Amino acid sequence: QKEVEQNSGPLSVPEGAIASLNCTYSDRVSQSFFWYRQYSGKSPELIMSIYSNGDKEDGRFTAQLNKASQYVSLLIRDSQPSDSATYLCAVNMKDNFNKFYFGSGTKLNVKP
Amino acid sequence: GAVVSQHPSRVICKSGTSVKIECRSLDFQATTMFWYRQFPKKSLMLMATSNEGSKATYEQGVEKDKFLINHASLTLSTLTVTSAHPEDSSFYICSARAPGTRSNEQFFGPGTRLTVL
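Protein chains in written order, with our numbering: chain A, 89 to 200; chain B, 28 to 144.
Please note that the accuracy of each hint is not assured.
[As the list claims (entries may be wrong)] Capping the alpha-carbon separation at 25 Å, the derived lysine-lysine pairs in BS3-like fashion look like this:
#, chain 1, residue 1, chain 2, residue 2
1, A, 199, B, 69
2, B, 41, A, 187
3, A, 144, A, 155
4, B, 69, A, 195
5, B, 41, B, 82
6, B, 47, B, 93
7, A, 187, B, 47
8, A, 187, B, 93
9, A, 130, B, 68
10, B, 47, B, 69
11, A, 199, B, 68
12, A, 90, B, 68
13, A, 90, A, 187
14, A, 130, B, 41
15, A, 187, B, 68
16, B, 69, A, 90
17, A, 195, B, 68
18, A, 130, B, 82
19, A, 187, A, 130
If you're looking for bench data, these hints aren't it; they were derived computationally from the structure. Just so it is clear, the structure is predicted and the values come from calculations on it, not from any experiment.
Modelling step: build the complete structure from the supplied sequences, incorporating the hints.
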């Protein structure tokens, strides 16, 4: 089992809709959870970090963490074509604060 | 967020040559930086953790003699791909932790695309 798993997609949503991206992780990693956005040919850009159970909102983005079920999700409200990118979930190892495992990413297409 | 730069952004070299990639933290000091590699349509794989003033910590399967890391100052880490071969062609990205906080958020440089002919 991979440490971090994501559906590769592509996930297609119409402009203005809510995009929901999901990530599950193994019980060997925990503690800190991150969502990065990566445009084609570019490096990842940090969108959200979440450390405790529940929701965390930042503008159009909401991260949701459920440690009991071992998943973290990202909701994008009012999706825009500019949101079209690959979204990477990252989780740090329980015994190493700095070491991240990345999921393979979910490609999101927002259609105008 | 913290700003991290990389140079060069793109490099093409012949097989057997060595290539040096620089990673700089701008306006903040980074005692620890990270080097990742990303193949097309794949996720990021951590290669090594670069520690200022000490040896880098390499991940399993990464050859330390092939991928030389030097973290000589608090704002600069370099990755040298020695005797590069076509299979080393990849997107190399460095990152650094956010400065001045206890957060472990990592901010990435723009990446270096290496093509070995």
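Exercise. Which hints, by number, does the structure contradict?
Worked result: 2, 5, 18
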